[in-house]
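Visitor: Fit chain B to the known structure of chain A by using the hints.
2 protein chains.
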Amino acid sequence: MNYMNNRMMISKTVIGVLVSVFFTFSLLGQDKSQDEDALFIKSIFDHSLNEGKAYDWLYSMSTRIGGRLAGSPEAAAAVEYTRQELLDLKLDSVWLQPCEVPHWVRGEKEQVRIVNSKKMGTIDLNALALGNSVGTGEYGVTAEVIEVKSLKEVEELGSKVKGKIVFFNRPFDNSQINTFRGYGGAVDQRTAGPFEASKNGAVAAIVRSITGSLDDVPHTGVTLTRDGVPKIPAVAISTKAANLLSRLMEEEPVRVFIRTTCENLPKENSYNVIGEIKGSEFPDEIIVVGGHLDSWDVGGGAHDDGSGCVHSMDVLNILKSLNYKPKRTIRCVLFMNEENGLAGGLEYAKISNANNEKHVFGLESDAGGFTPEAFSCDGDKEIFNTKFQKLYKWLPLLEPYNITLKKGGSGADINPLKSQKGLLCGLRPDSQRYFDYHHTAEDTIDKVHPRELALGSAAMASLIYLVDKYGL
Amino acid sequence: MNYMNNRMMISKTVIGVLVSVFFTFSLLGQDKSQDEDALFIKSIFDHSLNEGKAYDWLYSMSTRIGGRLAGSPEAAAAVEYTRQELLDLKLDSVWLQPCEVPHWVRGEKEQVRIVNSKKMGTIDLNALALGNSVGTGEYGVTAEVIEVKSLKEVEELGSKVKGKIVFFNRPFDNSQINTFRGYGGAVDQRTAGPFEASKNGAVAAIVRSITGSLDDVPHTGVTLTRDGVPKIPAVAISTKAANLLSRLMEEEPVRVFIRTTCENLPKENSYNVIGEIKGSEFPDEIIVVGGHLDSWDVGGGAHDDGSGCVHSMDVLNILKSLNYKPKRTIRCVLFMNEENGLAGGLEYAKISNANNEKHVFGLESDAGGFTPEAFSCDGDKEIFNTKFQKLYKWLPLLEPYNITLKKGGSGADINPLKSQKGLLCGLRPDSQRYFDYHHTAEDTIDKVHPRELALGSAAMASLIYLVDKYGL
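Same order as they appear, the protein sequences are chains A and B. With this note's numbering as the guide, the letters of the first sequence map in order to residues 4 to 475. With this note's numbering as the guide, the letters of the second sequence map in order to residues 4 to 475.
Among the hints, erroneous ones may be present.
[Stated by the list, open to error] Pairwise CB distance ranges (calculated):
1. A/Lys-234 / B/Tyr-395: 53 to 63 Å
2. B/Asn-272 / A/Leu-42: 26 to 36 Å
3. B/Ile-126 / A/Asp-91: 33 to 43 Å
4. B/Gln-114 / A/Ser-249: 54 to 64 Å
5. A/Phe-285 / B/Asp-219: 48 to 58 Å
6. B/Tyr-395 / A/Leu-325: 49 to 59 Å
7. A/Asn-388 / B/Tyr-395: 23 to 33 Å
8. A/Asp-38 / B/Asn-272: 30 to 40 Å
Derived by calculation from the structure, the hints in this document are not laboratory data. Every residue gets a Cβ at the ideal spot worked out from N, C-alpha and C, and that includes glycine.
Okay, chain A solo, but in the shape it has when bound (with noise of 0.2 Å):
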């Protein structure tokens, strides 16, 4: 595109955001004060896309702290790190809200290895253990392979499966425009594939990595345990070595060598990290808005999810640097232990509870730091209508800015939160690129855009000030 198309293009758009805006009201026979929020929200955009906080925290914690394991010096670095960052906001208080978490390390270098093939020969694998799984031992585990697409194969194979390596290799969906629903579509091979392969006799579980992208990247993640199945050794493979395998596995049998070498450790002490302005009008009337501060071990957990703690710290940030009043509290917290146990979740819910708090709101970002598309807003089912519709007619402020509201669910950590009856809602970017790095070593600053970044943490600030200014 060269001048002559965007001279063109600005001739027909040269009423801009606010004049737009300004005009939906006026047709609508909005009052006066919808002009004041369009303006408000227009300074909101302003400061994040000028001087927003966002990227400098994430290039921060995404670097020189890098991946943030519950339970690591990582992690408790981050907790370090952004309480200092939320004390030089001169918030009303920051404070530590102590919880106990899993502590599962990697160890050393994962070995994933395809043994004396007949047509190939040896060929080492892209590997990652997946988290909280067990490791094989110093020598390693060598055996057949067996492939399949669902969890419902491994349970008609029964004892066949016995004394081998379970190959889940069922692919994400391209098809889906939402690229979490690929996700979705295929996630339950890590989280419930090991186990279920360990319950008729597997010794270990290779998982084909659950992104869209073919590549030689391996994604790692959680994987569950049930009391009385016994945890076996579990990697993810690149999307590119599964086909290999895969490939390799029509033409002769297939024996694989696992050495991994992670381990449960036991719990650690690490806490959720809250920051707070207290509101003028209705201090009890809470408002959250958070992220993740944990990540996976490897790569520097810049979309998932240093992104969401960035974008909540910068909430608060920004509303303060325009000298915004609220009327409700406004509290930012950062999370632990949302990748392997949710603890930090739970534990902030259950001391809410028990000091008989009110969320009226919770936004959570855990989706990544890519341009915002839309809320996706949840709640308890006697609330949720009503709320909504309340938040719907905001619509007209938001479309500016290209950002929709529709239902759906909001976010793990602000999950427990539903039985105070709020309306909890999730910020919901561009997904397209989002797995390509999602659980990888590729999860690094260098993949997050500033403006796209700081365009979330302007949206985010946005319905806050909204859901503050007139309540739900």
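Guide: Using the frame of chain A, we list chain B on its own:
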């Protein structure tokens, strides 16, 4: 985000795209044909995401051929490559439409150097000559620099700029949500700045790169000329270089050396590349879909506008692969010379008018290969409202793909068809990253995401399917 959050999200959104479209239509009491449309559009997206050719074509165009300014050997290679690829699609006809294009060549690597600064000595600045500008000659030009922020300022300075180098340094407005508005607010410095400076006797012009990104990458682009105003050498410098130059000028007078050896060579013969599927019922009603085949010489022209070309080619490929038989004639046109002359677009309209053709619909993609957000619609004012309203009724079929419809410009190449009184639209992808790469050596294939590109082709094919099936 781990499995829990996602599982929750999925439980809420288990009603997929198709089901929600059906639901929308049953609520509206729409008929069965629209269920069919929803199904067909779903099949377009499935095909594009899983089997589309756009990314492979773009890989070849942007890496094997590379930058392809009108008149260059690379542009000729792109003409032949795309002609061959269109022939392989077995369309009803494929042809080349001759057009005469300017032939500007960059020459040797530009030198732009702050000379003998007291504070900083001699510093080289990263620069690119502007398209259609003249060279300095072998020995370059050295002169004092005078900084301005607008064309008006040059006019007011009058003869004070005589013998000087005028430095246009108004920054890109990063507060704009749509970055094309930031571009539109700054680009007059590049297009008109040099000749305005020349009118008052300046010996050369330096322009701050038209981007919101603060980095060391210069952005080229066309500069205009006017009869009777001598052409002067003109370069763009990176935004970091512009900041450095400006800061230094606050402390001392600054002299800069510029050496460019660019040249305007005699005009060349080139071509628009055209392929079409003949309409079965209304062959005289033409639907055109296109992008521009030329790009700047630096970089690979991946987003600008390789993406628009492969989007347009894939529209025909997808519809043909799905065995769709259009009622109207659907024509893909890859226009030559949008960047520095628009010869292709003007010639196409001229020949079309001479042949009494009737373009009922035009769709251009020239805003990058990012996730599509909207179609921007334009047309002769006599017909615009009626036709736009008809189009707007199809919005529920596009919304499941996060695509909306709005008023605004279409595209530079199809704009000359406006007198034929068809509706003209432009694809509008997410604009956040476009001006990081626009007109630079960084506009390469690694900046394009295969899924984002494929969503663009599918969005365009869907709209064209609806226009073809129902008319406008």
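Visitor: Determine for every hint whether it applies to the structure shown.
Guide: Hints, one by one, checked against the model:
no. : hint                              : verdict
1   : A/Lys-234 / B/Tyr-395: 53 to 63 Å : holds (57 Å)
2   : B/Asn-272 / A/Leu-42: 26 to 36 Å  : violated (55 Å)
3   : B/Ile-126 / A/Asp-91: 33 to 43 Å  : holds (36 Å)
4   : B/Gln-114 / A/Ser-249: 54 to 64 Å : holds (56 Å)
5   : A/Phe-285 / B/Asp-219: 48 to 58 Å : holds (50 Å)
6   : B/Tyr-395 / A/Leu-325: 49 to 59 Å : violated (36 Å)
7   : A/Asn-388 / B/Tyr-395: 23 to 33 Å : holds (28 Å)
8   : A/Asp-38 / B/Asn-272: 30 to 40 Å  : violated (57 Å)
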